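A.B. asks: Single-letter residue listing:
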Amino acid sequence: MPAPYPRARNLPIRQNPDVPDLRPDQPPEQVSDGDRIAIGENMPLAGGGLDLGSYLTYLARRQEVVASNIANADTPGYKTRDVEMPGDFTSVFAQFTPMAAEVEGLTTRNDGNNVSMDREARLLAENDIRFNLASQLLRSRIKGIRSAIEEGRSS
Amino acid sequence: MNVSLQSLSGSLQASAPIAASGSDTGWFADAIGSAIGNVENAQSQAQSTASQLLVNGNGDVHTVALAAQSAELSLELFQQVRNKFVAAYQEIMKMPM
Amino acid sequence: MSLFGAIAVSASGMEAQRIRAELITENLANAETTSTPGGGPYRRKDAVFTTAASGSSFAGTLAEIAAGGSQGVAVSSIVVDQSDPERRYLPGSPDADADGYVAFPKINPSEEMVDLMGTYRSFEANVAAISTVKDMIGRSLDLFK
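Residue numbers (the numbering used here), protein chains in the order written: chain X, 21 to 175; chain D, -15 to 81; chain P, 19 to 163.
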């Protein structure tokens, strides 16, 4: 079973940054991704290469739709909606607008309403927990980056 | 909003040696210039997402928070790198010729 | 719409359920009311729910609402039961008609009670949604720290 997100790459940190490329008249070559100092990606528990910011946005949109479903649980003719997941979050999203779509497979009652309060209650709790997890991961990543920046501060 | 050191350092790959004094400072100045540009971009993006949320009610709190953190870290990183370069330059200038 | 819009949506749900609960208790209180100021027995009332954009200062752009982001609920009208009332034979009653029948409201207290319980459950679900969304906004604010 493939890993849900790419493993943190073991990228080499440049040993002697000032030895190679002594060409003051030229800008440094555009290095490939493999050469860049990617301290953030290698940190443990930092969420790997996930775009957590977009994941939070997705969860927020999803929770809004759950709130709409709960509010309309007794509205005749209302159909349960959900937000489509825009692929996995392994790459960064520049911009994504989540769209709400109707959910399949729910039983419709006599008044045309198909909201299942059990499903909505479950999603309410799940989205909350996931949001908590993702925001905590982001916080530790931010903290790690900050300490990586500051650790270079010599006396 | 992707917060990682990789995205922050951007064109701050100027970990190459300090250019010799004189007229050969072209690419170094460019590198520093574009790094400043990146920091400014991060700051202005943080401001625009914040005003979007507060004035228009569009957007999420977490997007604003991440943009603000990103801008702050970007600035801090730039300051640290600048300090290092200045310190190294001063070291070099102290060398007896 | 942001998460603040979700709070407005849940608040609209609470309001709608509250109105429904009021109507149900009115029905229960008047289950035996045989004469009203307007003439005739009390007639059962019911609320009609419809999906409506819930207004809030954070409601977002019109385009987002059209895309289906913010959909609250509102009571569009209150329907009064127009069917024929129940007639019971009580010749001695002051409200009896020429044949001795009294018109009673067509209200089944058990049904009303079940509806009331359902209303309460939906109301509580909306309250839980507000609490959860508030929690998520709080965690977003923690990202500033």
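A portion of the hints provided could be inaccurate.
[Said to hold, decoys possible] One side only, chain P facing chain X, incomplete, derived with CB under 8 Å:
#: 1; residue: V97
#: 2; residue: D99
#: 3; residue: L161
[What the hints assert, rightly or not] Here are the simulated distance ranges between beta carbons:
#: 4; chain 1: X; residue 1: P96; chain 2: D; residue 2: S18; range: 54 to 62 Å
#: 5; chain 1: P; residue 1: M131; chain 2: X; residue 2: P96; range: 16 to 24 Å
#: 6; chain 1: D; residue 1: A13; chain 2: X; residue 2: L153; range: 42 to 50 Å
#: 7; chain 1: X; residue 1: R142; chain 2: D; residue 2: N40; range: 28 to 36 Å
#: 8; chain 1: P; residue 1: P127; chain 2: X; residue 2: R142; range: 29 to 37 Å
#: 9; chain 1: X; residue 1: S160; chain 2: D; residue 2: Q29; range: 38 to 46 Å
#: 10; chain 1: D; residue 1: N40; chain 2: P; residue 2: R36; range: 24 to 32 Å
#: 11; chain 1: P; residue 1: L159; chain 2: D; residue 2: A13; range: 37 to 45 Å
#: 12; chain 1: X; residue 1: L153; chain 2: P; residue 2: R36; range: 32 to 40 Å
#: 13; chain 1: D; residue 1: I76; chain 2: X; residue 2: S167; range: 27 to 35 Å
#: 14; chain 1: X; residue 1: S167; chain 2: P; residue 2: Y138; range: 47 to 55 Å
#: 15; chain 1: P; residue 1: E40; chain 2: X; residue 2: D131; range: 16 to 24 Å
#: 16; chain 1: P; residue 1: V66; chain 2: X; residue 2: V123; range: 20 to 28 Å
#: 17; chain 1: P; residue 1: D113; chain 2: X; residue 2: D131; range: 29 to 37 Å
Keep in mind the hints are simulated off the structure, nothing from the lab. Here the structure is a predicted model, which is why all the values come from computation and not from measurement. Glycine included, C-beta positions come from ideal geometry on N, C-alpha and C.
A.B. asks: Please test the hint of 29 to 37 Å on the beta carbon pair from D113 of chain P and D131 of chain X.
C.D. replies: 35 Å, holds
A.B. asks: Is the hinted range of 24 to 32 Å satisfied by the C-beta distance from N40 of chain D to R36 of chain P?
C.D. replies: 31 Å, holds
A.B. asks: Given the hint of 16 to 24 Å, check if M131 of chain P and P96 of chain X actually sit that far apart at their C-beta atoms.
C.D. replies: Since the Cβ atoms of M131 of chain P and P96 of chain X sit about 21 Å apart, the hinted range of 16 to 24 Å holds.
A.B. asks: A range of 20 to 28 Å was offered for this pair. Does it hold for the Cβ distance of V66 of chain P and V123 of chain X?
C.D. replies: The hint (20 to 28 Å, Cβ to Cβ) holds, given that V66 of chain P and V123 of chain X are roughly 24 Å apart.
A.B. asks: CB of I76 of chain D to CB of S167 of chain X, is that within 27 to 35 Å?
C.D. replies: With a Cβ separation near 29 Å, I76 of chain D and S167 of chain X satisfy 27 to 35 Å, so the hint holds.
A.B. asks: Please verify that hint: D99 of chain P, Cβ, nearest Cβ of chain X, below 8 Å or not.
C.D. replies: Violated, about 17 Å.
A.B. asks: Check the following: the C-beta atoms of R142 of chain X and N40 of chain D are separated by a distance inside 28 to 36 Å.
C.D. replies: Given a distance of about 33 Å, which is inside 28 to 36 Å, the answer is holds.
A.B. asks: Quick check: does the Cβ-Cβ distance between L159 of chain P and A13 of chain D fall within 37 to 45 Å?
C.D. replies: For A13 of chain D against L159 of chain P, whose Cβ atoms are near 40 Å apart, the range 37 to 45 Å holds.
A.B. asks: Does 38 to 46 Å hold as the CB distance between S160 of chain X and Q29 of chain D, or does it fail?
C.D. replies: Because 23 Å falls outside the window, the suggested range is violated.
A.B. asks: Quick one, is the L161 of chain P hint okay against chain X at 8 Å, beta carbons?
C.D. replies: With a closest approach of 6 Å, the L161 of chain P hint holds.
A.B. asks: Is it true that E40 of chain P and D131 of chain X lie within 16 to 24 Å of each other by Cβ?
C.D. replies: Once the Cβ atoms are compared, 21 Å apart, the range 16 to 24 Å for D131 of chain X and E40 of chain P holds.
A.B. asks: L153 of chain X and R36 of chain P, beta-carbon distance inside 32 to 40 Å?
C.D. replies: 35 Å, holds
The structure does not agree with the numbered hints 1, 2 and 9 stated previously, though it agrees with the rest.
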